[in-house]
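> Spelled out from the first residue to the last, the chains are:
2 protein chains.
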Amino acid sequence: MVATAATASLFPISSSQPESVAKNSGKHGGGGQNTVDMHGIKPKSRGLQVKTNAQAPTKVNGTRIGVMDGLKSDDNPTSTAPRTFINQLPDWSMLLAAITTIFLAAEKQWMMLDWKTKRPDMLSDLDPFNFGRIVEDGFVFRQNFSIRSYEIGADRTASVETLMNHLQETALNHVKHVGLLGDGFGSTPEMCKKNLFWVVTKMQVLVDRYPTWGDMVQVDTWVAASGKNGMRRDWMIRDCKTGDILTRASSNWVMMNKVTRRLSKIPDEVRAEIVQYFVDTPPIVDDDNNIKLPKFDDKTANHVRNGLTPKWSDLDVNQHVNNVKYVGWILEASFFFLFNDLKWKSAPQTIVEKYELASMTLEYRRECMKDSVLQSLTSLLGNDQNALGDSHVDCQHLLRLEGGGGGEIVKGRTKWRPKNANRNKGIEDESG
Amino acid sequence: MVATAATASLFPISSSQPESVAKNSGKHGGGGQNTVDMHGIKPKSRGLQVKTNAQAPTKVNGTRIGVMDGLKSDDNPTSTAPRTFINQLPDWSMLLAAITTIFLAAEKQWMMLDWKTKRPDMLSDLDPFNFGRIVEDGFVFRQNFSIRSYEIGADRTASVETLMNHLQETALNHVKHVGLLGDGFGSTPEMCKKNLFWVVTKMQVLVDRYPTWGDMVQVDTWVAASGKNGMRRDWMIRDCKTGDILTRASSNWVMMNKVTRRLSKIPDEVRAEIVQYFVDTPPIVDDDNNIKLPKFDDKTANHVRNGLTPKWSDLDVNQHVNNVKYVGWILEASFFFLFNDLKWKSAPQTIVEKYELASMTLEYRRECMKDSVLQSLTSLLGNDQNALGDSHVDCQHLLRLEGGGGGEIVKGRTKWRPKNANRNKGIEDESG
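Protein chains in written order, with numbering that gives the first Met the number 0: chain A, 0 to 431; chain B, 0 to 431.
None of these hints come from the bench; they were simulated from the model. Take the hints with a grain of salt, since some may be wrong.
When chains are identical, the list treats them as one kind, so a pair holds in a single copy or across two.
[Unchecked claim] Calculated cross-link-like contacts (lysine to aspartate or glutamate; reagent style DMTMM-like; alpha-carbon spacing at most 20 Å):
1. 310 <-> 154
2. 353 <-> 136
3. 240 <-> 136
4. 192 <-> 297
5. 369 <-> 150
6. 310 <-> 331
7. 240 <-> 296
8. 175 <-> 136
9. 310 <-> 160
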């Protein structure tokens with residue numbers, strides 16, 4: 000039930016495979032295919048409707064207006080009694096219409112309520128303050144975000160860092176909404192007592208389409224067990240207007256001691272707090288550990304950059320570099336490599352207009368502190384450099400401590416595609 | 000009526016003075032003094048209430064529930080007819096109470112409406128979707144922001160970059176709400192026709208207190224003429240809970256041609272679009288150009304950093320480095336200089352816990368593009384380096400193109416203070 004923006008781990012993690020991730024993601028379908036099975040969460044054609052199969056932990060049908068089965072209260076997070084008082088109202092839609100008539104004066108508010116009455120399938124998603132709410136029998140947290148002007152790049156679309164920021168925010172708000180937010184950055188009360196906080200060991204993100212400035216997106220998140228001492232957190236981002244799936248992400252987390260900075264087993268008291276929120280579904284992005292990445296170092300890598308230093312603003316409340324910040328370094332290295340070194344059929348000025356990140360897997364191996372000096376390695380993975388053209392490109396990445404020892408901070412892989420390529424066909428087609 | 004996140008200018012700008020800015024700001028009072036005059040916008044003791052004097056462009060009394068004098072519609076931005084239909088309702092507060100009883104099921108929503116009914120002075124500020132709305136006779140745009148987990152630093156408070164992002168967002172939404180948003184980043188329809196966009200020439204920010212994670216802040220913004228061919232945009236940020244003023248900011252803008260990258264006069268057609276929204280009040284932060292900063296270069300500066308390069312993610316839709324991004328460079332240089340070179344009575348690890356930026360003035364002189372390589376200069380201003388102790392420190396900053404010519408990109412000054420120092424006394428005391 001908990002997850003934070005913390006980073007790093009000394010956990011032994013085997014490599015996973017971008018091809019298989021992409022392939023599997025295709026099974027779940029892309030933005031334009033709203034009928035595919037997504038490990039138990041099956042989107043329907045009317046956007047925000049979500050329906051589950053027998054395996055799924057959740058149960059929501061957007062067309063049943065006002066029904067919020069099993070919605071849990073912040074005051075009593077363990078309660079499983081459904082709150083159905085809305086169902087007792089004689090005519091919810093008429094009441095809403097009346098409210099729509101009198102409630103607000105300002106134009107935008109009128110527009111918004113009007114929009115909601117026109118889309119009855121969205122009524123169960125009412126969350127006017129965008130604080131988020133628990134849905135799907137209490138196992139899924141859902142929050143909307145409006146893409147702001149400062150969250151977009153030169154091409155007007157949100158960056159993957161923006162999306163990952165929203166993932167972090169929903170994870171923390173999920174913990175908060177079930178009443179488990181202690182003093183820490185997602186730590187539960189029992190974790191705080193024991194000086195523990197969450198660190199991410201792995202993050203997989205598949206982006207089918209990037210939202211643009213002004214778009215409203217809906218982020219769903221849920222948690223599951225991951226081995227004996229880990230937790231998995233998954234997310235799904237949808238376009239609120241079309242219902243298209245924009246992004247799927249899956250992550251793994253373990254606990255670290257704030258003082259010793261060593262990993263910890265999950266104490267029984269903490270397990271008792273969180274286990275009730277675990278769902279029993281496979282990850283929304285398959286974790287395939289069978290194929291190893293080729294080894295590479297600063298002598299064999301295609302591109303090496305030295306002397307990277309974290310800024311003060313890169314640190315989070317756990318006093319280390321926030322996991323999202325690594326993405327900026329890796330993206331910048333990718334752009335530099337792909338388009339400066341390889342000159343991927345594009346003048347540098349138009350790079351961000353033409354190409355985009357399709358998917359990314361990051362494995363966090365060690366904390367990065369303020370005084371760390373890093374080396375960033377990038378190489379093409381598999382592809383023939385001379386045959387780049389407009390095809391897709393896989394890269395591998397390594398951020399490690401500079402000089403002596405070469406302690407690995409983050410290992411990662413990225414997959415790049417020309418923009419608009421197969422955008423509506425899902426990622427499966429793109430990796431095929 | 001318009002402003003964007005664009006940067007840079009070749010405009011001749013005279014230097015301004017941090018001391019006088021801070022002094023003047025004191026006139027407006029700090030967060031703890033809610034009775035001070037703020038150039039015509041006089042806050043009262045009940046937080047979000049705003050009242051104006053004879054000079055002010057606005058007129059709102061939060062205690063008169065439901066009265067929104069002169070609220071303008073997006074559909075008809077030039078209309079001056081007040082929209083008073085809410086006043087015709089027999090009993091707004093009773094209706095609202097009824098709505099509060101039936102409207103929403105989720106816990107957060109209940110809490111929020113309940114909070115609003117308990118604070119009748121805030122009823123005129125209803126904006127449940129946080130899209131923002133026009134207030135104060137149509138001249139002020141107001142939007143709320145919840146401080147998110149990814150907008151804070153290691154000390155849990157929002158960074159000044161976060162605050163400036165919110166300033167940018169409200170500026171753009173202001174333009175949007177009055178129906179003047181063309182295709183560009185804050186450009187009006189007539190500006191788009193003429194290939195013009197806004198660039199900022201000066202930004203002054205005074206921070207009395209930084210909000211923390213989970214706080215809700217209210218940002219007010221308005222525009223005024225600035226010389227013959229410029230526009231001024233001011234902002235005020237308040238804590239929604241306490242009503243305290245957290246931040247005041249004032250900025251100046253001119254127009255640039257997208258193709259020639261040269262500055263332009265304001266064409267008559269554009270002036271006709273925007274002039275109706277100009278208020279006739281002095282800046283919320285006084286602009287004092289009388290005192291010049293001492294000249295300094297890489298030989299005389301206390302601290303020099305070479306080889307700064309913009310990242311792809313630093314660019315905005317105007318294809319140059321966004322004005323907020325400079326702040327990151329300047330803050331990082333300040334931290335490095337003040338706490339690594341000067342060792343301001345603090346171990347580096349606790350710097351961000353102990354010190355904070357009190358105010359900042361940036362003068363943007365030239366665009367910075369993706370391929371620019373910058374040099375960052377920092378020096379103490381006035382203070383005796385040996386007498387730093389816990390006192391306040393003024394710095395001057397220069398970002399310029401590296402090597403040959405040394406074209407100036409941004410000149411700036413910052414004022415730093417120990418955290419919690421005079422926090423509730425306003426900035427006047429701190430600069431005294």
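> If a hint holds in the structure, say so; if it does not, say that too.
We went through each hint and held it up to the structure:
no.	hint	result
1	310 <-> 154	between (26 Å within a copy, 14 Å between copies)
2	353 <-> 136	neither (42 Å within a copy, 45 Å between copies)
3	240 <-> 136	neither (24 Å within a copy, 33 Å between copies)
4	192 <-> 297	neither (43 Å within a copy, 51 Å between copies)
5	369 <-> 150	between (25 Å within a copy, 18 Å between copies)
6	310 <-> 331	both (16 Å within a copy, 6 Å between copies)
7	240 <-> 296	neither (45 Å within a copy, 53 Å between copies)
8	175 <-> 136	within (17 Å within a copy, 39 Å between copies)
9	310 <-> 160	both (16 Å within a copy, 13 Å between copies)
Violation of the numbered hints given earlier is confined to hints 2, 3, 4, 7; the remaining hints are satisfied by the structure.
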